[in-house]
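Participant: One letter stands for each residue in the lines below.
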Amino acid sequence: MAWLVPMPVAGPLLVAAVIAAVGGMFPRRLVDALATVTAGAVLVVCVVLAREAGAGHGAPLVYWFGGWRPGSVARAGAFPVGVSFVVDPLGASMASLVSLLMLAAMMFSWAWFKEVKVFFRTIMLIFLAAMCGLCLTGDLFNLFVWFELMTAAGVTLCGYKSQESSPLQGALNFAVPNTIGAFMTLIGIGLVYAYTGSLNMAAAGETLRAHPPGSLALMALLLVSAGFLVKGALAPFHFWLADAHAVAPTPVSVLFSGVMVELGLFAIWRVYWGVFSGIPDAPEHAVRVLLLLVGTLTAVWGGLMCYGQHHFKRLLAFSTVCHMGLMAIGVGLLSPRAAAGTALYVAGHACAKGAIFLISGIFLHRFGTVDEMELRGKGRWAPIAGVLMVIGALGLAGVPPFGTGFGGEMIDEAAKDAGAEWVKIVFIFGGAVTAGAVLRAAGRIYWNLGASMEATAARAPRIEERRETRGHEGATPWTMWLPAAALLLVGMGISVWPGLQEAALHAAARMQETGNYRAVVLAGAGGGEGALARAALPAVHSSAGGIGTAAITVSLAVALAIAGLTGMLRGRVGRVVGAGIDWLRVLQSGQVGDYVAWLVAGMAAYGGVLLMGR
Amino acid sequence: MRRVSRLTVFFAGELGLAALLTAAALHEPGPTSERDRYRVATTAPSVDLRQVTDAVSAVNFDFRGIDTLGEEFILFVSVSGVLVLLREPEAEERGLIIDAADAGRDMKPTSAMRGWMVGTVGPKVLFGLYIVGHGALSPGGGFQGGVILATAPMIIYLADGFKVFRRIVKFRMVEIAEAAGATAFLVLGLLGILAGREYLTNVLPLGEANTASSGGTVVAISWATGIEVCAGFVLVMYAFLQHVLAKREAAE
Amino acid sequence: MIFYASMAVAGWLLLVGLYGIVTSRHLMHLCLCLTVLQSATYVMLTGIGNRRGASAPVYAGGVPTSAPVVDPVVQALMLTDIVVEATVVALLLAITLQVQKKTGSTDPDNVSVMKG
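Chains as they are written, first to last, in our numbering: chain A, 5 to 618; chain B, 104 to 355; chain C, 102 to 217.
Careful: at least some of the hints might be erroneous.
A few chain A residues that face chain B, going by a derived Cβ cut-off under 7 Å, partial list only [as the list claims (entries may be wrong)]:
hint : residue
1    : 72
2    : 211
3    : 426
Derived DSS-like pairs (lysine-lysine); straight-line CA-CA distance at most 30 Å [what the hints assert, rightly or not]:
hint : chain 1 : residue 1 : chain 2 : residue 2
4    : B       : 273       : C       : 216
5    : B       : 211       : C       : 202
6    : C       : 202       : A       : 165
7    : B       : 211       : C       : 203
8    : C       : 216       : A       : 382
9    : C       : 203       : A       : 420
10   : A       : 165       : B       : 211
Source of the hints: derived by calculation from the structure; they are not laboratory data. All C-beta atoms, glycine included, are put in the ideal place defined by N, C-alpha and C.
Based on the sequences and whatever the hints tell you, model everything.
Facilitator: Right under this line is the structure:
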């Protein structure tokens, strides 16, 4: 069973290398099938690992590469010399989500003909391996390596349609800020290594706990998080996301918005709890203040920009920014209930967003455009897509049984416990604005409403799109809408699957029992397993998945959609809101120099907030 | 944003970042008992436990082999990325490109320079192979040696032009070599699992320190990496040269 | 001493590299500034691994294992770092070539097709 642990990483890499070597000699369909089967196999393995990790006394599975477990080098005593993968239920579940979305994306791209040899499949598989590695690793530098692999594969996939101008801009704006962030992360890792002498998260954390570093902890945490903050698109590091996700090929956008960006936040969570928690004068309060502040800012910024877009993919990209803000709030509350809620939220959002991106791909395939105004009225030739689109919008709004509903409810509860009841309002705003934008688009596409543009979208960018596929005369191929439907089903099924909410809650609680968790990872430092099992586990409150909040959110969303479609937003109100959105648009200049300037300013600002919040 | 606004935002941030970094650097160092542990654990033990005298290679290919695997694939994916980004299928289809070999834009060195360049090719290849093969013994290894090996075809291009370069560097062969190197690394890792241990465990015979066959999988992985890195960089060079040297007719 | 010196140099490289990127008018210049920025990490890592009076972590040719050597782990990290840098620069240069071909300009401020 232990041999399964490296498989989510080694498996796809091996298949990718073999395909790169000999794939050209075989029929394309065979290569496609092999790649899709590999994604499916990784999904199965990750689910099995998640169950294994959650079973028993809840101790994570710890795997030491090269056999270098603590104690294998006599001179070093119990010091961990090798690189470890620490498989806990949440990490393995994240990896499962990644492989699920990859499977959907692979299936969708069967209809995609304009491929170059076998490159697309190879790079997608490597992308899969990198993301799984990031979810499972327990070593700081190893985290950096998978992060860089993910970025390199992401840049390539983003610029895949390199004949057009906007993918080049997207790839450039993706590469530069993410690379700068990654190198700041490396500086942070260097600082941690210089202080603690270890790259293993648990060992470094133990040293920090035993020898508290004072304010260095905050600075190191900030630097290490730099790359992940950029990847996770929190304001003001989020500018690149809209450019990149709007121009990437559809199956790639599914992965970008569904899991890649979320992995940035996951990495921050992992690093915080693995290395920086449990320190005596802990930066806990400062981190909470920062993440709540930043999350709110991101949610509002992303939401407003989302509503003001007409290019459907760019609309969805900004909606991802908005939801990332909401997820950052969930992580920032720093409690097991909030963490479990965020996990459910991430799963629900990934499925809903992924499905809607696939639908945008269907539009591109059938009608050759993803611009809301150009698509007006064409919906009647793609009815299934419409149904799925509306369901997806409900998922974005946080309607149960989507994961966003139950997850949002858990986060609200945790916020109430922490005295931050206003969080609920931010969630309602975020859900309403993003769902409202999608519903507005649906209204135009399917009910032929909204012939004239609303004031808020007057300056929305128009991006030239070219078809990614051939053969668009007939009905939508099943390989395109089936993955979308399947994703929506999973998104809804996750939270109501028996025992899953409780498992998530317990997993989060165990991870946040840092002392004992680290002891288990470093195996032999004394009976952590039993203590983990006996840890006080919070109880799941039976809930209706936040149906009350969801009702408010959906009503607001529908209202916003109708306001956009009818003349309501062309008057005074529309112009005022439009002016606000236009002011934000100035910042979103598309110029990489601006983005980097905001990155630097953001780092300084975050540092200031952290130091003030101590 | 206007330039002034951009610079204002930037300098405000830069000052803050500088303050942050200075504070972090000037902070008291960590506990001396803890800081040295990794060095102690990977220097003498690399000779004692793995018969490898170059501790850096031991760390790279044995203690932290999975990091190196990831790094190798970063190179692999970036090479694929360059090939993907530089392709121009439509221009090719419409016959608008005069191939790089015929475009006549190569450097034309004097015969003295040519002689000198061609003379260094052999030593380069030999030296590169030496560095790759002796990775476990002295400073070097797959990455360093692979890059040195990759400069040999480059010198050939500089000396004799793209046509000769293409005769020596067969694109498909190099692609296969790159993928083969990557596959070899992965398969060597699997040997550990087949032996009932963990992935990337060093299960090949370790030999004796200071001999060419010491180190077990360290040497094998060093070779696999060397091939992959060399092939990867040659492919990148090929793609860039082909793109830059070709002449393009303007489309109507 | 070397530690502080290397931290200072690393910090300077980082800040200067960032300045270069923000004020860049040519994509190749931007790539090279990114390289400068990335060099900051090499210098910092070297400084972290240094030990007073120690030599390279290589025991070839009969150097006893009791001899003081510097930290090989940071050198291994640097190796990975360098490969990452090379690959990112390769990708960015490929993007530069295509941008130049498509728009005729290499000014990063002119690449933006998507604004707002």
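Participant: So, for every hint listed, does it hold in this structure?
Facilitator: Now the hints, each set against the structure:
no., hint, result
1, 72, "holds, 6 Å"
2, 211, "holds, 5 Å"
3, 426, "violated, 28 Å"
4, B/273 - C/216, "violated, 43 Å"
5, B/211 - C/202, "holds, 25 Å"
6, C/202 - A/165, "holds, 15 Å"
7, B/211 - C/203, "holds, 29 Å"
8, C/216 - A/382, "holds, 27 Å"
9, C/203 - A/420, "violated, 54 Å"
10, A/165 - B/211, "violated, 36 Å"
In summary, the structure is inconsistent with hints 3, 4, 9, 10 from the numbered list given earlier, while agreeing with the others.
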